[in-house]
Each structure stands twice: as structure tokens, then as C-alpha cells.
Amino acid sequence: EPEVTQTPSHQVTQMGQEVILRCVPISNHLYFYWYRQILGQKVEFLVSFYNNEISEKSEIFDDQFSVERPDGSNFTLKIRSTKLEDSAMYFCASSEAPTGGGAEAFFGQGTRLTVV
Amino acid sequence: QKEVEQNSGPLSVPEGAIASLNCTYSDRGSQSFFWYRQYSGKSPELIMSIYSNGDKEDGRFTAQLNKASQYVSLLIRDSQPSDSATYLCAAPGYSSASKIIFGSGTRLSIRP
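For the record, the sequence lines run as chains A and U.
If you read the first sequence in our numbering, its first letter stands for residue 88, the second for the next number, and so on.
If you read the second sequence in our numbering, its first letter stands for residue 4, the second for the next number, and so on.
What the hints contain is simulated information worked out from the structure, not anything from laboratory work.
Some hints could be false.
[Said to hold, decoys possible] Once the Cα atoms are required to be at most 30 Å apart in a straight line, the calculated DSS-like pairs of lysine-lysine come out as: (1) A:K170 x U:K45; (2) A:K129 x U:K59; (3) A:K129 x A:K170.
[What the hints assert, rightly or not] To give an idea of the interface, some chain A residues facing chain U are shown, with a C-beta separation under 7 Å as derived from the structure: (4) I107; (5) E143; (6) T186; (7) G187; (8) E191; (9) F194; (10) G197.
[Unchecked claim] Beta-carbon label-pair distances, calculated as ranges: (11) A:R109 x U:I21: 38 to 44 Å; (12) A:Q98 x U:L78: 25 to 31 Å; (13) U:D58 x A:T94: 38 to 44 Å; (14) A:E146 x U:D61: 19 to 25 Å; (15) A:Q128 x U:G19: 40 to 46 Å; (16) U:S11 x A:E140: 34 to 40 Å; (17) A:N138 x U:G19: 36 to 42 Å; (18) A:D150 x U:D58: 42 to 48 Å; (19) A:R167 x U:P13: 36 to 42 Å; (20) U:D58 x A:N138: 45 to 51 Å; (21) A:K170 x U:D61: 40 to 46 Å; (22) U:N69 x A:V111: 36 to 42 Å; (23) A:T100 x U:S72: 30 to 36 Å.
Virtual Cβ for every residue (Gly too), placed ideally from N, Cα, C.
Starting from the given sequences, assemble the full structure and let the hints guide the process.
In C-alpha cells, the structure reads:
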């Protein structure tokens, strides 16, 4: 069964360092997303990406964050200068059609980012 | 800002019984809803989606939607210990083509 894959599963980084989280969405999906979940809190939307550009982003997704689809398969989230409060589980998701229209989003297993 | 509200639980149900999970939402324009299951430390896994008023059944799971009352529920029949997880209710973002708003989740515990 097709699945969204994320690497690494766990990343520990020092405050102020840059991190890149990687995702391979399901191959025939066109819409890609990043969500995050701080321990014990809600799953929060960060950004959506379609047709090689950001289609929507949340208030959390400030200038420290960027996304890229560097080739036909990978989708990355970069955090330029990590803060302690960036520690969270980051989930990549993909869907065939926009989730706003009711399409189902499939989530990867997540990358646990720990900023020390 | 659209809100999706859930009782955080924990909800404790004996094995074999029916577990009932509820969710309310604030945006009357919402057309579709999702139930995700999330095991501790894992990613959300889609269980069901529902778009129309009424019931939708899939195996042991039944989703119910009442747009007039703005609530959506999930029933789990013949509850199993493996159903112990946090259940997330979600809806598309208001005026958004591309995001899902999640509730805070209800922790369900199935006791043997």
C-alpha cells in the first residue's frame, strides 16, 4: 500500500542550527502538507504546497520556515535557525485533491525534532 | 477561526462494549469531516470521512453527522484493546482549500 515516508524519524539539533526534514509523498498525489504536534497538544497546520508553490500557510510558518520540492519525489521542510519551541513532531501529508474539498490526507510517520 | 471541539477524556470503555466519541464544530459551512486515530507517538491514521447527514458505517466503525446540531460522532462497536488510542476529529479549514483543522482529541481506553 502506498505511504508517505519521512526521514529522519528523530532529529536532535542545537538551538540556532538549521534542520531539513524530508518527506516522500504518495506518488500520484499532487497536494503536500506539513503539520506539527507539540507534545500533548493539537496537530497544527503549517503549510500546504501545490504546483510547486505554497498555497496556504499558517501564522506559525514564519520566515524561519521554508518548503521545497527539489525533485519529482521529495518534499522538504527547512527551519533556518531552530528555537527550543520548535521541538515537536513534524508530520508530512499528501492528498490527491485539496483537503478543503474533502479529499483524504495521508500522513507520514513523523519526524520528532528535539532542539536543545 | 473555525474550531473543532472534543472532550479530551479519557473515556474508559469495557472490552466488547460500544465506544461513543463526540465532536462539535463552529462553522456551519463545514461540509466534510474526518476521524483520525492516533496511537501515542505515532501519526494520525484516517479511519473515516463523512460528508452527508446521517450515518456511515465501515466495519466496526460508524460515523454520524448532524449538520443542524453541528456535531459529528464516531461509534466503535465491539471495542478491542487495540482501539485504545486518541481519536481526532477534523474538518477542512474555513475558506481554505488546503488545510485540516484538528480537534484536541479524545483519549479512549478499552479495559479488558
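Quick rundown of the hints versus the structure:
1. Of the supplied pair hints, the one linking K170 of chain A and K45 of chain U holds, its CA atoms being roughly 23 Å apart against a limit of 30 Å.
2. Of the supplied pair hints, the one linking K129 of chain A and K59 of chain U holds, its CA atoms being roughly 26 Å apart against a limit of 30 Å.
3. Restraint check: the Cα-Cα separation between K129 of chain A and K170 of chain A comes to about 19 Å, which is no more than 30 Å; the hinted pair holds.
4. With 7 Å as the threshold, the beta carbon of I107 of chain A stays out of range of chain U, its nearest partner Cβ sitting at about 19 Å, so the hint is violated.
5. The closest approach between the C-beta of E143 of chain A and any C-beta of chain U is roughly 5 Å, which is under the 7 Å cut-off, so the hint is satisfied.
6. Contact between T186 of chain A and chain U, as hinted, is supported at the beta carbon level, the nearest pair being about 5 Å apart and thus within 7 Å.
7. Annotation: G187 of chain A was flagged as interfacial toward chain U, and the flag holds, the nearest CB pair being 4 Å apart, inside 7 Å.
8. At its closest, the beta carbon of E191 of chain A sits 6 Å from a beta carbon of chain U; the interface hint therefore holds under the 7 Å criterion.
9. With a cut of 7 Å, the hint placing F194 of chain A at the interface with chain U holds, because the nearest CB-to-CB distance is about 4 Å.
10. For G197 of chain A, the suggested interface contact is upheld, since its CB lies about 5 Å from the closest CB of chain U, less than 7 Å.
11. In this structure the supplied range 38 to 44 Å holds for R109 of chain A paired with I21 of chain U, their Cβ-Cβ distance being about 41 Å.
12. In this structure the supplied range 25 to 31 Å is violated for Q98 of chain A paired with L78 of chain U, their Cβ-Cβ distance being about 39 Å.
13. At roughly 40 Å, the beta carbons of D58 of chain U and T94 of chain A sit within the given window of 38 to 44 Å.
14. The hinted window of 19 to 25 Å between E146 of chain A and D61 of chain U is violated, with their beta carbons roughly 35 Å apart.
15. Taking 40 to 46 Å as the suggested C-beta distance range, the pair Q128 of chain A and G19 of chain U does not conform, at roughly 32 Å.
16. Checked against the given bound of 34 to 40 Å, the beta carbons of S11 of chain U and E140 of chain A, roughly 37 Å apart, stay inside it.
17. Under the hint 36 to 42 Å, the C-beta atoms of N138 of chain A and G19 of chain U, about 49 Å apart, miss the expected range.
18. With their beta carbons about 46 Å apart, D150 of chain A and D58 of chain U fall inside the hinted range of 42 to 48 Å.
19. A hinted range of 36 to 42 Å holds for the C-beta pair R167 of chain A and P13 of chain U, which are about 39 Å apart.
20. Between D58 of chain U and N138 of chain A the Cβ separation comes to about 37 Å, which falls outside the hinted range of 45 to 51 Å.
21. Distance hint check for K170 of chain A and D61 of chain U: the Cβ-Cβ separation is about 42 Å, which falls inside the suggested range of 40 to 46 Å.
22. For N69 of chain U and V111 of chain A, the hinted distance range of 36 to 42 Å is satisfied, since their beta carbons lie about 39 Å from each other.
23. Our hint of 30 to 36 Å for T100 of chain A and S72 of chain U is violated, since their Cβ atoms are close to 46 Å apart.
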